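Position in the sequence shown (first residue = 1) + 478 = the working numbering.
Rather than coming from a laboratory, the hints here were simulated on the basis of the structure.
Be a bit skeptical, because a hint or two may be false.
Here are the simulated distance ranges between beta carbons [stated by the list, open to error]:
#, residue 1, residue 2, range
1, Thr753, Arg583, 21 to 29 Å
2, Asp718, Pro643, 45 to 53 Å
3, Ala584, Pro701, 33 to 41 Å
All values derive from a computational prediction rather than experimental measurement.
The beta carbon of each residue, even a glycine, is placed where N, CA and C say it ideally should be.
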Amino acid sequence: TSPAILPGRWVPATELFKVKTDKGILNHLKDFENKLEEAPFTDPPRRLIQRSLVESPLREGNGKTRIGKEGWLYLQTALNAITGYGPLKPEPDSVAKDPRRSPWRAPLDAIRTFAGQLDGFGVELILVPIPVKPMIYPEHLGHATPGPVTHPDASAFYSKINALPNVEVIDLSEDFWKLKDTTRVFLKQDTHWTPAAMELAAEKISTRVAAKPWHTPTKGLQPASLEKRQSRGDLVEKLDIGAGGFMEEIIEVTPVTGQTRDQDSPIVLLGDSFT
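Can you make the complete structure from the sequences, with help from the hints?
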């Protein structure tokens, strides 16, 4: 007897022999090959297991991505940053620790050393800690909070940095929390900010920079017309379940045109993908 075929299920063997009249046999076989490469059964078993966990009622993520309510995704290391040992306490040694794992080093000493090097050149350091998604949207992982969720040592950490002679901290978390009342601050399926949050961050930072005695106004920068961008998000990529399961997010951005790089600028911008 022939095995039962589920309604609506794609079966490669039957598809192979459905040659459409408007296509030649070579194009038909190429289309079939592309579909075959995307088929779930070609995935490694690990990916199939992960996909079943993600798509099940449990909505289980993995070691890199945590799945929250209403399809919100979170980076696991961002959660660790606000719930772990934090910016001041050293991580204790453990006999069970993976020997290949890099030891955790609190950032204060590195910032102090870097600030001292800059001070030797007469350069001021403006430090902008990056608010991460669970700080601004904790309600999709648990209960709502009256304000941004921060590490218990964050305030003491910022105080120590501000006490350095040539360092200033710009904390955007409260600004993002207020922005949340009117528009989305983070992409649901990505670690990064929305364009509205990017523009707010740029405005807050540039206002502080413009007040510096060494600041000179930048000329020749103009906003371009709106452009649409779409992606499933880097957190979906980290789930590693292949195509499907999540829709693409679509946003509108306003690129900046003109001389965006200047070798003679008095400002050097250092940062990761958020910059």
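Verification of the supplied hints:
1. Thr753 - Arg583: 21 to 29 Å: holds, 22 Å
2. Asp718 - Pro643: 45 to 53 Å: holds, 46 Å
3. Ala584 - Pro701: 33 to 41 Å: 40 Å Cβ-Cβ, so the 33 to 41 Å window holds.
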